[in-house]
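Take a look at the letters that make up each chain.
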Amino acid sequence: MLNAESYIEITPASVVRNGQPIAVSETGDRMLVELYRRYAGDYPKFFKMDTLCRLGFIAAEILLKEPTANSQQPTAIIMANRSASIKNDTDYLATISDGNYYPSPSLFVYTLPNIVTGEIAIRHHIQGETAFYILDTPEQLETIVKSQKSKTQSPEPILCGWVECSAANEFYAKLQIIWNN
Amino acid sequence: MVYCIGHSIISPLGEGSQANFDAVQAGRTGLKIHTDRFADVEPFCASLFDTPQSFVPLCIKSVEQALVYGSLSMVRSSDTIFILSTTKGDNLDLWTSAQAIARHFCNTNPPVVVSNACTSGVCAQITAQRLLEAGMYRQAVVIGCDLQTRFIVSGFQSFKALSPEPCLPFSPDRKGLNLGEAAATIIYSQQPIANSQQPFWTLETGSIHNDANHISAPSRTGEGAYQCLTDVMDGVTPDEIALIGVHGTATPYNDAMEQTAIERAGLQNVPKNMLKPFFGHTMGAAGVLETILCMKEAERQKTQKPIHVIKMLSGFGGVNAAIRLKSEY
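From first to last, the protein sequence lines are chains A and B. For what it's worth, this note's numbering labels the leading residue of the first sequence as 1, then goes sequentially. For what it's worth, this note's numbering labels the leading residue of the second sequence as 1001, then goes sequentially.
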């Protein structure tokens, strides 16, 4: 991506920030909770979130916590994945199964993948653009982010990347800050 | 800016942009009470196709109907990108659905699916504009489509967001929203179609802002929507705006938020257009369908001056979006 300044990559068994591994003792969903306790800890709403939101939230938390050469707050949050909100959709479907119909409003609200961008916007008070795309590859997201011009004369930092959660304990995130022109 | 070179709407009110506009003018509505459409779901008021539709074929038909001013070879071209705005499609694999639509037209570019809750239809148009202006493609086929399912209706019922009767946007008596089904397509191009008989519309600018307030309730101050309106009003004055197509879902909080944002932006005297009483909330289709009908409505104003319309939307995740289009004869 253009002018990638810093990045965070999370798999169910590893966390890497700017090329440096971050030690974790847990794996999968429990690792996300471990990271929450280490890097946030003061935001109980985390426990209401579905896994996709927890993943994006904690990735943003680690990435934005690190002071950088120019630690300006992101002006936009642009994310994508291949499978939308499939994990939470499946969980919601279980609440409306035949013979056991108790639709859950707290699960329903997470049946949209863009909720993760909203959770991050709330946490970091970002009132700029938030957008979510369903794409085949991260390269497609790069094309979309590149097409977004800065609203001002100077480059603006965009928090962007891939956040995927296909099933329990199966996820992948790679977020970065890029500067548009 | 980019040029609108074709559009279409397929809804329970009819096929074609003009047929749907005429239906609205005649005061017809697709809303009615459905008692046995989905197992276990309580009766609900919605605008549904009489015959249940399949998502991909409906989208394909919508694109075919938008092609009257263009040509099939254009959508096949590697210069054309397909952008699908939807929230749920009719299965959970939305990208594969989008790919099937593009492949039907022999277009081999990987399609883009915009999934930005109820703002998706406007965000898809903004994405189209950016990709064309950046020179990455020459044409964009923007399709908005959603069909109602047991999944969606049960969810909105659990949220207590549905009105048991036809919705009343911006009314003090409003009780919630109605859901709806539709497919709508707008084709944008870097270039206008030569010798078109139609008044031509350009998508001038668009803006997306988050309230950063709550994932399922709009900001009381309308912050995100206000910032969107301020952005799209850059370079024009309120008296140049013929029409604002509001979201107008008829939920108590959404309409109050929009009213606040519109007043803060100094646009309270601009005529408003609200279409949910005719089509219900068509979710991923809403931004595309309602943009087309805003253009049709503004075209009735025969004037030599340029006409501007604004379409605004808000959705779950705290996201707001607005675009401004302009017509010149």
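These are calculated hints, taken from the structure and not from any lab test. Just so it is clear, the structure is predicted and the values come from calculations on it, not from any experiment. A portion of the hints provided could be inaccurate.
As the list claims (entries may be wrong) - Quick list of in silico lysine to aspartate or glutamate cross-link-like pairs, DMTMM-like style, CA-CA up to 25 Å:
| # | chain 1 | residue 1 | chain 2 | residue 2 |
| --- | --- | --- | --- | --- |
| 1 | A | K45 | A | D98 |
| 2 | B | K1160 | A | E142 |
| 3 | B | K1032 | B | D1093 |
| 4 | A | K146 | B | E1204 |
| 5 | A | K151 | B | E1015 |
| 6 | A | K151 | B | D1050 |
Claimed, not checked - Distance ranges between label pairs, derived from CB positions:
| # | chain 1 | residue 1 | chain 2 | residue 2 | range |
| --- | --- | --- | --- | --- | --- |
| 7 | B | P1052 | A | D42 | 21 to 31 Å |
| 8 | A | Y102 | B | P1238 | 45 to 55 Å |
| 9 | B | P1172 | A | H124 | 43 to 53 Å |
The beta-carbon is built from N, C-alpha and C at its ideal position, and this holds for glycine as well.
Any hints from earlier that this structure breaks? Give me their numbers in increasing order, please.
As far as the earlier hints go, 1, 2, 3, 5, 6, 7 and 9 are violated by this structure, in ascending order.
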